[in-house]
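> Protein chains in written order, with this note's numbering: chain R, 1 to 365; chain L, 366 to 675.
If you're looking for bench data, these hints aren't it; they were derived computationally from the structure.
Given the structure is predicted, the values throughout are model-derived calculations rather than measurements.
Heads up, some of the hints might be wrong.
What the hints assert, rightly or not - Just the calculated beta-carbon pair ranges, DEER-fashion:
| id | chain 1 | residue 1 | chain 2 | residue 2 | range |
| --- | --- | --- | --- | --- | --- |
| 1 | L | Leu399 | R | Gly105 | 31 to 39 Å |
| 2 | R | Gly105 | L | Leu524 | 45 to 53 Å |
| 3 | R | Thr57 | L | Thr518 | 49 to 57 Å |
| 4 | L | Ala487 | R | Pro302 | 32 to 40 Å |
| 5 | L | Gly486 | R | Leu90 | 25 to 33 Å |
| 6 | L | Ala464 | R | Gly137 | 45 to 53 Å |
| 7 | L | Gly375 | R | Asp333 | 37 to 45 Å |
| 8 | R | Gly105 | L | Phe437 | 47 to 55 Å |
| 9 | L | Ala653 | R | Ser163 | 52 to 60 Å |
| 10 | R | Ser163 | L | Gly489 | 26 to 34 Å |
| 11 | L | Gly486 | R | Gly105 | 20 to 28 Å |
| 12 | R | Gly137 | L | Leu514 | 18 to 26 Å |
| 13 | R | Leu167 | L | Leu399 | 19 to 27 Å |
| 14 | L | Gly486 | R | Gly323 | 45 to 53 Å |
What the hints assert, rightly or not - Over 10 Å on every C-beta distance to chain R, these chain L residues come out as not near it, computed from the model:
| id | residue |
| --- | --- |
| 15 | Ile386 |
| 16 | Asn448 |
| 17 | Lys588 |
| 18 | Leu625 |
Even glycine gets a Cβ: it sits at the ideal position worked out from N, Cα and C.
Each chain, written out:
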Amino acid sequence: MTKDITLDYVSVQFGDYVAVDGAHLTIQGGEFFSFLGPSGCGKTTLLRCISGFQEPTSGQIRIGGKDMRGIGPNKRPTALIFQNLALFPLMSVADNIAFPLEVRGVDRRTRRKRADELLELIALPGQGDKKPSELSGGQRQRVAIARALAVEPDILLLDEPLSALDLKLRQHMRRELRAIQKQVGLTFIYITHDQGEALTMSDRVAVMSRGRIEQVGDARAVYDQPRTAFVASFVGENNALPGRVISREAGVSTLDLGLPAPLRVATGAGPGAKLAPGAECLAFVRPEALRPCAPDATNAIPATVAREEFEGAQRHLVLDAAGRELRMTLVNDDRSAAFGPGSAIHVGFAPDMACALPPGEMASA
Amino acid sequence: MTGFRAFLAGFVDRNGLPVAIYLGVAVTIWVFLLVALPQLAMLDFSFRHNLPPSKMGGPEDVYTLEQYRYFFLGSEIGPEGWNALDIGVLVKTLIAAVAVTLIDLAICYPVAYLLAQSARGAAGRLMVLALIVPFWVNEILRAFAFRILFGATGVLNELGMSAGLWSAPIDFVGEDVALYAGLSYAYILLMIFPLYNAIESLDRNQIEAARDMGASILQVHRKVVIPYAKPGIASGSTMVFMLTAGALAAPQILGGPSNLWFTQIVYQWFNDGGNWPRGSAYAIVLLAVCIGFVMLMMRVFRVSIGAIGR
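So that you can see chain R by itself, here it is in the shape it has in the complex:
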């Protein structure tokens, strides 16, 4: 029933421009899989390849083991939900949902019945006779999902469908999408530039940059153990500190990061473990990994608070540490009330809450 999707070194070129460069991975049937990357990273092109609107320049796409080359979008077991949803404005909601059945020659009564079932599923019962323009943004979203499900596809492809919604609704729709996916048990392939969306909903995430897949893994792996500088800087906020390796032990390296004292940073078994003493490196410390600490604690960095960005639940402190800017995020409880701008403090982090990676391209802010 569920079909694996295999991308076998898929590349797409437009003239000299390489949109997708050797994408190679397998998406398990029934998985919620996200492609995460900035705009122009090739994720939409890859989605169009899977849906059949774009043929790869080289490589193969297999769905359930079957090569998809030459098979049009109307013949693939995929359904695509467009960024702007592409509901048909002149048709009623029920006609929209039943459109895939209509073009397959299903009779009117069966169509109506199926549309009503799907309206039930998306919690819009009895709204079939309205026009899409009479629905709210979130409701239209759900209609687009129902319409895609009417084909009974094996794979649902979603191209940033939540980007047009406001924040509250977006968060609500994340939960809802995940719930619908669990309920229908289909493979969802989700395209987004919003890491929050990708991390909260997905079983696994592929982070893309400039047509290349940088890392594939579950949300924790991508966030906690980034394998490239791009992933570390793109997924979540991060303090990037360029420097040099001083010495190396199993799993931990000591780095000179241009701060008063050398710092100890975990490398695990990741790419950072291969960095020999003397090699250039990039250390990444998450703002939430930094904590105020005693001057003699591990990795203590003397700093002054330059300014504060208050966000309600969290306080973001921008620190000046020997001319380098560090961002620290504190939970807004009464203990963190100190450290106003101008105060001198020491901040530190546990070695395994940071990572050292070979230098590489970083995500632009």
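We have chain R; now place chain L onto it with these hints.
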């Protein structure tokens, strides 16, 4: 009435008094002097007897249905059934105009679709310009050029015969091929632009979405593109139909010897016959029949007049 006054006041407020006065005068001149008055004069003429100038305004100058009666029933010497000749020409003209409209629609729909959906930005604008340029050639010249193209010793016959496709010259003019080609070409832009405008605003994702959900190319057009473009199709068809039915130069120059266009009869009454009342009546009949036909078609195809204005 208060609504209208509020509208006027608002209009003056937004545009300033001079602009408002200019627009008011211009619209009045346009609507009354150029549109309504001539038509009313024609309407008035059509209900009068054909009198020499000396008797105009005299006791004999009274309103009559005589001109219309003639159109329907024929010769003045007693009723002898229907005026089969003139009614026949009117029906033939309408059928021909419908045919020309359909030909234009068939030619323009694919062109407009491709132009609107594949050519974007500067390339698209250039292509639209390329469509307009040939229409800088005036209508009469174009009609005669078509005669040369389609004539017995014309380019088409020369080519066809030298290629061995046919041995004797084909009478394209006599068979009305030249007429249909000329009329179709004359008003083709009036079909292509409304279609282009309508299709251009169609979200491309809708076409892809329909494809993705299993629709064939034909179904995409039938269920998504055509319903969306319907107002454009309606306004293009209306314009082509009206102008074709009312065309004079092309039928005059390109029509075969046996083919008479209704406008030619109107022209004859005005000009050769010197019978302005009858010419007016015929013209009014043509206008009324065309409007009636267009209204009927709009009802049949469920297009509202408001939709055409879009």
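> Now, for every hint given, state plainly whether the structure supports it.
Now the hints, each set against the structure:
1. L:Leu399 x R:Gly105: 31 to 39 Å: 54 Å, violated
2. R:Gly105 x L:Leu524: 45 to 53 Å: Cβ of R:Gly105 to Cβ of L:Leu524: about 47 Å, so the range 45 to 53 Å holds.
3. R:Thr57 x L:Thr518: 49 to 57 Å: 55 Å, holds
4. L:Ala487 x R:Pro302: 32 to 40 Å: 59 Å, violated
5. L:Gly486 x R:Leu90: 25 to 33 Å: With Cβ atoms ~27 Å apart, the hint holds.
6. L:Ala464 x R:Gly137: 45 to 53 Å: This hint holds: roughly 48 Å between Cβ atoms.
7. L:Gly375 x R:Asp333: 37 to 45 Å: With Cβ atoms ~58 Å apart, the hint is violated.
8. R:Gly105 x L:Phe437: 47 to 55 Å: Holds - the Cβ-Cβ distance for R:Gly105 and L:Phe437, about 50 Å, lies within 47 to 55 Å.
9. L:Ala653 x R:Ser163: 52 to 60 Å: With a Cβ separation near 55 Å, L:Ala653 and R:Ser163 satisfy 52 to 60 Å, so the hint holds.
10. R:Ser163 x L:Gly489: 26 to 34 Å: Given range 26 to 34 Å: holds, Cβ gap about 28 Å.
11. L:Gly486 x R:Gly105: 20 to 28 Å: 39 Å, violated
12. R:Gly137 x L:Leu514: 18 to 26 Å: 57 Å, violated
13. R:Leu167 x L:Leu399: 19 to 27 Å: 57 Å, violated
14. L:Gly486 x R:Gly323: 45 to 53 Å: 48 Å, holds
15. Ile386: Holds, because the least Cβ-Cβ distance between L:Ile386 and chain R comes to about 40 Å, which exceeds 10 Å.
16. Asn448: 45 Å, holds
17. Lys588: Incorrect as stated: the minimum Cβ-Cβ distance to chain R is 7 Å, not above 10 Å.
18. Leu625: Consistent with the label, L:Leu625 stays out of reach of chain R, its closest Cβ about 43 Å off (over 10 Å).
Comparing the model with each numbered hint stated earlier shows that hints 1, 4, 7, 11, 12, 13 and 17 do not hold.
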